[in-house]
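Participant: Chain by chain, the residues run as shown.
2 protein chains.
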Amino acid sequence: MSSEKSDQSSVTITFPDKHTRTFPTGVTGFEVASSISPRLAKDALSITLNETVMDLDRPITSDGEIRINTWDTNDGKMTFWHSSAHLLAEAVEALYPGVRLGIGPAIEQGFYYDIDFGDTTVSVEDLPKIEKKMLELARTKSDFVRREVPKDEAVSFYKEKQDPYKLELLEDLEDGTISFYTQGNFTDLCRGPHIPNTQNVKAIKLLNVAGAYWRGDSDNKQLTRIYGITFPKQKMLDEYLHMLEEAKKRDHKKLGKELGIYMIDSMVGSGLPIWLPNGTVLRRSLEAFLRDEQIKRGYQEVITPHIANLKLYETSGHYPYYSDSQYDPIQVDDEQYMMKPMNCPHHHRIYGREMHSYRDLPVRLSEFGTVYRYEQSGELNGLSRVRGFTQDDAHIYCTDDQLKDEIKNCIDLTQYVFNTFDMPVDIRLSFRDDNEKKYGGKSENWERAQREIREVADELGLDYTIAEGEASFYGPKIDFIIRDAIGRKWQLGTVQLDYVMPERFDLTYMGSDNQKHRPVIIHRAPFGSMERFTAILIEHFAGDFPLWLSPKQVALIPVSDQYNELAYEYAEKLREAGLRVHTDDRSEQIGLKIRESETAKIPYMMIIGEREKANKTVAVRKHKIGDLGTFAFDDYLNKLATEVQSRTLPSEADKKTTSN
Amino acid sequence: MSSEKSDQSSVTITFPDKHTRTFPTGVTGFEVASSISPRLAKDALSITLNETVMDLDRPITSDGEIRINTWDTNDGKMTFWHSSAHLLAEAVEALYPGVRLGIGPAIEQGFYYDIDFGDTTVSVEDLPKIEKKMLELARTKSDFVRREVPKDEAVSFYKEKQDPYKLELLEDLEDGTISFYTQGNFTDLCRGPHIPNTQNVKAIKLLNVAGAYWRGDSDNKQLTRIYGITFPKQKMLDEYLHMLEEAKKRDHKKLGKELGIYMIDSMVGSGLPIWLPNGTVLRRSLEAFLRDEQIKRGYQEVITPHIANLKLYETSGHYPYYSDSQYDPIQVDDEQYMMKPMNCPHHHRIYGREMHSYRDLPVRLSEFGTVYRYEQSGELNGLSRVRGFTQDDAHIYCTDDQLKDEIKNCIDLTQYVFNTFDMPVDIRLSFRDDNEKKYGGKSENWERAQREIREVADELGLDYTIAEGEASFYGPKIDFIIRDAIGRKWQLGTVQLDYVMPERFDLTYMGSDNQKHRPVIIHRAPFGSMERFTAILIEHFAGDFPLWLSPKQVALIPVSDQYNELAYEYAEKLREAGLRVHTDDRSEQIGLKIRESETAKIPYMMIIGEREKANKTVAVRKHKIGDLGTFAFDDYLNKLATEVQSRTLPSEADKKTTSN
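Same order as they appear, the protein sequences are chains A and B.
Counting in the working numbering, the first sequence runs from 30 upward without gaps.
Counting in the working numbering, the second sequence runs from 30 upward without gaps.
It cannot be assumed that every hint is accurate.
Since the list can't tell identical chains apart, any single copy or any two copies may satisfy a pair.
To be verified - When the alpha-carbon atoms are kept at most 27 angstroms apart in a straight line, the in silico BS3-like pairs for lysine-lysine are as follows:
1. Lys545 - Lys162
2. Lys283 - Lys518
3. Lys602 - Lys188
4. Lys602 - Lys668
5. Lys668 - Lys325
6. Lys325 - Lys622
7. Lys325 - Lys645
8. Lys278 - Lys250
9. Lys433 - Lys283
10. Lys286 - Lys545
These aren't lab readings, by the way, just hints derived from the structure by calculation.
All chains should be modelled from the sequences, with the hints used to inform the complete structure.
Facilitator: Given below as structure tokens:
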């Protein structure tokens, strides 16, 4: 690290808000945090200095940009969970003397440690015991202490411990300084950083045990991988466990099967979902919703084939550079074709087929385009990670002067879409890192575009963060991160500027100056993928979709056969009003019919017996709520039609119904 | 031919209506026709005896089923055009002594002859001269005379004529009897049959000249192919030439480009149409029309991927048997995948995913499913012959007892669809040939199915023909042949029974007897392919689509800029009523705007000036008709919305409008 080499007497620290302060050389992150507030010093877990995460007590010896990492930051959580992995190892060594340790990293949600238990088998039943030991060790309030040692000393240490795994890791490390971290009675070879003290860890849950080959190679020995998660507060763990339980109940793979949304069939292919009738209704409803909205906003829909000549992807530059995620080419006569991994180049060719005047711009081409990308079979997961998926894709070709309005329109559309599903959105502006040279297009275009994106975001009054260095190679972008009903975050809809493809495809328009100009392209897809969005939607609503999305909207339940005719008559009227009806005319008990409608999550039941027949009424039951009372059939039909039309959310619908 | 071998003194002739009559052995087709009516004898061109077409004057020496072929039959036309090819050869020999002749068959529309003109080049400019000569020869009223000769005599004949082509053809013929036909001064090696006399040919048109390699092999010499067509009446030729001219004007490749329906782009791929915005509107309208109708009839829509594991097609038996029309497999990990050539096996897997009770049947699965099939590049043609196309596919799984109702439903739907487009339909019941053994499934199923198909056709009062031997391998089918606005016939929508796939995919349902049974499958697709149907639709309507299908329905034309605001206001109202509007707010002359709307074939124009602004009216112009008068805007909006809703045909719309 460059900070070690400096010998100046003071260092200048730049904070995230760009203000700077000077500290004596050797100041620690903890001291910097303390200088801001005692509370921050207490909450600090590590610092990030010039994009390197470091222990809180390491001396800072050169100028740099600092972030103080608390639990609320990603770097803070990573430090916390990495230290927790050491705590797990300490507990395991205490309980199972003689174990040998592999690696123990932090992961997206928690951490794991790969351990060789020798002849002992450790299963989920053993986890509470280990948890208890970890908590006991955490409460010893031990500091994490870093010590730098020469490589040969490290090798001797592990030779004595007879640990082949750490010795193998050491072999791969460059000669020079090696670091050990010690807490309590446990020392581990580790690059760090760590949290200051074990007492930060207040709540611990070990989640699972799995087999894992050493270094992921199936020729190596299988170690035991223990997964866990820890928190600085018990309440956080309780909430997390509740969320896990909810997520399990809402799992789209479970609900997707129960509700007849989709199937995966090995004879058709792994990662290739088949949309079953109920799923197709749901998807078609989503498509119609977005299509109508796009038509209003001046989009034009197109349909392009699912294969294309390799020349197309050579022109776009996607072949051979992304061939890992693409299917192998198919030979057709003397040409090579490929399953399309994206719709973009097809749209560029449509734009490019004719000469455009600046008066014709913007051209907004949209497509529900199915693309095919290779994923490793181990990565496949229901609808959320697949090998074929349909993008709600669009490309906008506009002049520089139109860019700001078009970005605004894209953000507005995306927000409108997620509002409709009651999904709060966080917005991230992903800009380029000015120090990097990897970006395509002209520098003045980037600067103008980034400035305009900010202006739009400010004009719309958005709450956003800026992520420098997160832009794509061909332009800055705006990422939308939605939060679902159980608080999980999902990155969806992207709005992305592109200065590179107009060059590659030689796209032009004739300006008012009678000269040819390059349009700028905006790529955008609010849902991203119909498959992944449907997976999120199932889990967000736990399968209890808003009426307009429900595959079946009304169950008509005659109490006995003699009311079937009336049920058919009502069903016909409901269908004419555009509602999706299931008429349960079986000679079964009314209780069974109601239970089955509940299981199928049909939002409304209309029950028809003698009284209803006499008065032209229906007894209405709402899914999960129960009896709502008796209503004139025509009135309730209109109420339901309105609920569909206004895309009322289930929570809103409940209120309205009970006030009826 | 077997008829030659008999030596009985009389033959029993069976007529198409199954009645029989006895004639002396050696009776000719002409004599049989004369015995029915002198008119028939005059019109007769050849006979078909036991499925073999024969000259009218050949003696009949054994029992058989006869058809007398007049111009109104396909066999009659083929005889007529084959004889016309001989007439062409005679004319060419007379005009260009020393030419050598290849082959000269009848084709679907007319005939051609491949001729080696030596060093002389013959072009379309020479055709009138040849036509004139043919007509002159036809008027000589020469009989076509058959003569059977030993092979060596035939060889000597052509050796003397120094004709290498006929000698090569002779080499390939089996030894035995060879036949020559002579009319006037021309003799040709020919299997026959021919019409009685050249005077039958009253009207002649030579259509084109092209190069054609001898026997289709590019290593051979290129001969000159002359295409022609002939008719028994001048009026027929006039009508045919008018139809050709109309077809040229209506050519979907020309109109498809002009109207922005589709494009083919070599960088995307040959035979892979891209649906442009206007085409996508048209296609989505067709899909919505059929989808709504299918929902009413109890279909459930599904969506399946565009690739599938090879195992799926091995199970269906389509691989490797149809690999000529399939794309090469793609390797994915240790499995092989293929672009899907059909949707059927995907649907069978959906049906098969769960146990069905007889009470759940019929299950009707529909999909607008895009399939990929290899076609040779020379065969590709606009939207009508492509390598990727979308079927309006559906599979109905039903019990034997439900079959009749389901067939009725399918026929009814198909007729409803074509009625909507004002396309008259001919129906052909394609049954198996009882003498052939190639058919799958149980014989009793076939018999019942064919009986029930006939019963349904009779109950529906259909005018149909029965084609024995035209069934597919896996079941009988019903073919729909539509006639377009200029009289051309197109085979579209098929309804096809299938007894084989339920076995192959082990599809079952639980009967009321608590036993497993096989369902029967009906495959059906009214449009057949969205691409081909759209090609036919463009040509049928000459691009002047009914309002509900028109990509743009109304052009709003302000007479000057000061009326643009009102135009935007009207446009918004029209859009809210679901109409597709083009607002021409350019500062151009009104005449130019009207002309451009005419060229774009927008059905209605609403012109807005001072008087219209003052009175809240619009001056309406109809495409191809002109000024319709001035109407209250709201009234006309409602009229247009009704015209869309009722899917009024352009011809009907005109009537209604003028009576307004």
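Participant: Could you run down the list of hints and mark each one as holding or not?
Facilitator: Here is what the structure says about each hint:
| no. | hint | result |
| --- | --- | --- |
| 1 | Lys545 - Lys162 | neither (72 angstroms within a copy, 59 angstroms between copies) |
| 2 | Lys283 - Lys518 | within (20 angstroms within a copy, 51 angstroms between copies) |
| 3 | Lys602 - Lys188 | neither (82 angstroms within a copy, 83 angstroms between copies) |
| 4 | Lys602 - Lys668 | both (14 angstroms within a copy, 25 angstroms between copies) |
| 5 | Lys668 - Lys325 | both (26 angstroms within a copy, 22 angstroms between copies) |
| 6 | Lys325 - Lys622 | between (42 angstroms within a copy, 24 angstroms between copies) |
| 7 | Lys325 - Lys645 | between (40 angstroms within a copy, 24 angstroms between copies) |
| 8 | Lys278 - Lys250 | neither (35 angstroms within a copy, 75 angstroms between copies) |
| 9 | Lys433 - Lys283 | neither (43 angstroms within a copy, 39 angstroms between copies) |
| 10 | Lys286 - Lys545 | between (54 angstroms within a copy, 24 angstroms between copies) |
The structure fails to meet hints 1, 3, 8 and 9 from the earlier list, while all remaining hints are met.
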